Amino acid sequence: MRLYPVVAVGMLAITDAFVNQALSVLAPDITASFGVSTGALTSLLAIQLLAVGVAPFLMATVVRGRPIRALVSIVTGLVWSVSTLAISFAGDIWTLGALLLVSGLANGSQIALHSPLLADIYPPAVRGRVLALYGAAMPAGAILSPLTVSALSGWFGLDWRAVYAVLGVLSLLGCLSALRLRDPGIGRHDEVTPGGNPLRSRTLRRVFAAFVAYGMLLVPAATFLSVHLKERWGMETDARGLFTACCSAGAIVALVAFGRRLDAIFQADPGRVPIVAARIIACSALAFAAGASAPVLPLTLLAFFVGLVLTPMIVPMITLIMIAVTGPGGRSYMASLFGVGLAIGGLTGAALLSTVEGTYGTAGAVASIALPGLLAGLLIASTARTIRADLIPVREENVNA
Numbered sequence: 000m001r002l003y004p005v006v007a008v009g010m011l012a013i014t015d016a017f018v019n020q021a022l023s024v025l026a027p028d029i030t031a032s033f034g035v036s037t038g039a040l041t042s043l044l045a046i047q048l049l050a051v052g053v054a055p056f057l058m059a060t061v062v063r064g065r066p067i068r069a070l071v072s073i074v075t076g077l078v079w080s081v082s083t084l085a086i087s088f089a090g091d092i093w094t095l096g097a098l099l100l101v102s103g104l105a106n107g108s109q110i111a112l113h114s115p116l117l118a119d120i121y122p123p124a125v126r127g128r129v130l131a132l133y134g135a136a137m138p139a140g141a142i143l144s145p146l147t148v149s150a151l152s153g154w155f156g157l158d159w160r161a162v163y164a165v166l167g168v169l170s171l172l173g174c175l176s177a178l179r180l181r182d183p184g185i186g187r188h189d190e191v192t193p194g195g196n197p198l199r200s201r202t203l204r205r206v207f208a209a210f211v212a213y214g215m216l217l218v219p220a221a222t223f224l225s226v227h228l229k230e231r232w233g234m235e236t237d238a239r240g241l242f243t244a245c246c247s248a249g250a251i252v253a254l255v256a257f258g259r260r261l262d263a264i265f266q267a268d269p270g271r272v273p274i275v276a277a278r279i280i281a282c283s284a285l286a287f288a289a290g291a292s293a294p295v296l297p298l299t300l301l302a303f304f305v306g307l308v309l310t311p312m313i314v315p316m317i318t319l320i321m322i323a324v325t326g327p328g329g330r331s332y333m334a335s336l337f338g339v340g341l342a343i344g345g346l347t348g349a350a351l352l353s354t355v356e357g358t359y360g361t362a363g364a365v366a367s368i369a370l371p372g373l374l375a376g377l378l379i380a381s382t383a384r385t386i387r388a389d390l391i392p393v394r395e396e397n398v399n400a
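Residue numbers for the sequence shown follow numbering that gives the first Met the number 0, so the first one is 0 and each next one is one higher.
If you're looking for bench data, these hints aren't it; they were derived computationally from the structure. Be a bit skeptical, because a hint or two may be false.
[Unchecked claim] Here are the in silico distance ranges between beta carbons for each label pair: (1) Arg179 to Arg65: 13 to 23 angstroms; (2) Gly153 to Asp91: 24 to 34 angstroms; (3) Gln266 to Glu230: 42 to 52 angstroms.
Please read these numbers as outputs of a predicted model, since none were measured by experiment. Each residue gets a CB set at the ideal place from its N, CA and C atoms; glycine is no exception.
Make the full structure from the sequences, and use the hints.
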């Protein structure tokens with residue numbers, strides 16, 4: 000199995016994390032520099048998130064059955080890299096907002112194009128490990144981005160503008176490493192031609208509903224966990240950052256080790272993948288709840304570690320199911336729709352947990368995360384009865400390639 004394509008696509012995903020991670024760390028310096036409130040910057044981020052929600056559908060429309068996904072991924076990577084570099088020269092908050100909007104629009108390629116592209120580059124027999132390796136790019140970015148920002152601003156004493164300039168250059172270099180990436184053509188390993196309504200699939204409808212419920216677990220979890228560790232156990236920023244980095248490192252190890260096993264499960268019986276996914280979702284949700292109610296700090300950290308290591312393993316499994324039951328021409332649109340579903344779930348979960356927090360405190364809010372997680376597990380498990388009938392046929396020579 001050639002590693003370059005998945006490494007190149009993963010590098011694009013890592014560079015995508017730079018601008019957003021830097022904003023979370025440097026927000027106080029940016030608002031002070033422009034003389035604006037935190038609310039003003041938050042409003043700009045909300046506009047960027049709106050662009051991120053719309054952009055995947057734009058990317059899917061641009062591609063529209065043509066083998067240009069690799070080219071579009073590289074170009075949009077260069078766009079968000081240049082936007083990151085240009086932020087260092089922003090003269091006012093409006094210029095910053097415009098650059099964040101451009102970056103948000105370019106980010107749509109990651110959601111809409113990366114997974115479908117990898118599904119066509121690699122044969123079905125290795126898609127599980129490829130998606131797991133690609134999934135490891137997210138926790139890798141979660142480690143590298145804040146460490147890079149902290150090193151540049153702390154060890155080298157750079158201001159926020161200089162930090163963005165360096166990040167922009169690093170992001171450009173990462174994107175340039177993907178220049179040899181090529182699109183093999185849509186549906187290379189599949190017998191069906193693009194067309195049809197993917198949402199007619201019972202499996203896809205249930206997986207989409209599960210992804211929305213999963214978003215209610217995933218998106219608010221990290222924030223509420225961090226608040227709980229500070230309020231309940233008095234952990235400072237550096238200690239929480241180190242713990243998060245350890246969780247991300249554990250997730251990378253788990254994803255790399257799990258990929259080959261995921262392929263074996265899918266090849267033996269595709270109906271087992273939803274069952275395994277449901278168990279992992281349930282275990283991660285229960286781990287968060289256990290950590291919130293643990294009476295001592297070591298048990299809290301152990302439970303949260305388990306939950307945060309298991310959580311990144313869920314997306315590759317759900318993506319594998321989505322790819323297996325969606326025609327090649329509809330995968331970019333479905334990936335876009337799933338991204339919107341994740342965002343909807345995240346917003347709903349954040350609102351729900353904020354309400355619970357007001358009544359039962361942060362511990363009660365974190366514990367309540369288990370409910371949408373268990374719901375997502377039940378929904379995804381129900382697809383075990385439908386996935387076999389909805390599978391997209393693959394070419395005979397590619398079944399065990």
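Review point. So which hints don't hold here, by number, going up?
Key: Failing hints: none at all.
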